[in-house]
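Peer 1: Just so you know, the protein sequences line up as chains X and P, in that order.
Okay, so the first sequence: first residue is 364 according to this note's numbering, each after it adds one.
Okay, so the second sequence: first residue is 4 according to this note's numbering, each after it adds one.
The set of hints was computed from the structure by calculation and includes no laboratory data.
None of the hints are false.
Here are the simulated DSSO-like cross-link-like pairs (lysine-lysine), alpha carbons at most 27 Å apart as the crow flies: (1) 403(X) / 205(P); (2) 205(P) / 446(X); (3) 454(X) / 205(P); (4) 408(X) / 255(P); (5) 250(P) / 403(X); (6) 409(X) / 205(P); (7) 129(P) / 119(P); (8) 205(P) / 181(P); (9) 409(X) / 446(X); (10) 186(P) / 119(P); (11) 137(P) / 258(P); (12) 409(X) / 250(P); (13) 454(X) / 250(P); (14) 186(P) / 454(X); (15) 255(P) / 454(X); (16) 119(P) / 258(P); (17) 140(P) / 103(P); (18) 129(P) / 80(P); (19) 186(P) / 409(X); (20) 140(P) / 255(P); (21) 409(X) / 258(P); (22) 161(P) / 104(P); (23) 444(X) / 409(X); (24) 165(P) / 181(P); (25) 186(P) / 446(X); (26) 161(P) / 129(P).
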Amino acid sequence: MRITARFIKSLAYVVSLISCLGIATQVAAATDAEIAEGKKLAFNKKLGNCLACHQIEGGNMPGNVGPPLVAMKARFPDFEKLKAQITDPTKLNPNTIMPPFGPHNILSSGQIDKIAKFVHTL
Amino acid sequence: MNKIANVLTAACLVVTPFALQATPEQDLKEFRQLFYNKFPDVPKDDFVNGVYALDPGSREQWEAFEEFPAYEIYIDKGEELFNKKFANGKGFADCFPNYKKGVKQNYPYFDSDTGKIVTMEEAINKCLTDNGEKPFKYKKGNITYVGAYLAKLSRGNKINIKVPDDPRALAHYNAGKKFFYAKRGQLNVACADCHIAYPGSKLRTNILGPALGQTTGFPVYRNKWAGKSKKGDGMGTLQRRYTGCNKQVRAKPFKAQSDTYKALEYFHTYMSNGLEINGPSTRM
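Build out the structure end to end from the sequences listed, making use of the hints.
Peer 2: Shown next, in the form of structure tokens:
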């Protein structure tokens, strides 16, 4: 009995440690792989196509309908706000020309998450 | 059902006066002023040149292009088609008695007999079918050649679209207006977003042109259309352009000469009233 209890306790500890790490990678640190993928999604003409309207470092022939995406951490200290802007910009500005990527199923929430992680590095 | 219909009618009666508050004349005044304010350096007559009125770089390229315009042979083809007698001995000149003075500036117009809008393309095809001939296809080909010839003869005439004081005419006008300002397609972008809110800005490498004067140069020859297929010769009607602009925002385009596009063309062309016909023209 004692052994089992101790085993469960340590198991719970390990599990919480793992899930803690899991959460940490989800919220705070974006992995290099996610950022690289976010960049690909943002630049892809059929997916994010952000370059149609925004100048972005590393992107060729950008448009200028929207503001250049620079100093994003300073403009969006709160990552969730950045994600919200990309998911549905019409919430902030009903007349915006920027597409509602989330509600109109242009991008999945997973894709938006990666794009936001990339944009946050700019 | 009746009750619902009554409520709906009542709701419409309440809403309509507000929605229609602005008369077409007032709309037109505001519409123009917006562009005059936004582009104070552009001469007012120059809006007929679209993007090239705003961007000196592409204008230079375009002017070189217009020196030996690719549409010239299609004007000639159009003239030939126009003068070819129908099997019954009549011809297009019988349907367009004023063609030499130019007629393009009056299209599209509201026909008070039918309550419908008539575009120039429809008038061309009606002339054919009334005389027992097969109609042309809309959007490209013969219809653009005859259209180019009629536009050429109308060059310099000022667009003169009338919205008579008839609820049916106003209904077409308002439907077209609503279409122009409505968000559309998966990307959720209105004509007005691109051509009123952001003319002069770049969407990727495309500079957006102003909505004012947007209809004066049609039919047009476009490099892009010429490159599209071996059969494509680059010529297209205004409504062919609508199709393309709808597709850009992943909206399902409407049929050429559908009531929807005709209403749009009616509103859209009315907004260029007073500007000179300069079709056919070349566009990238």
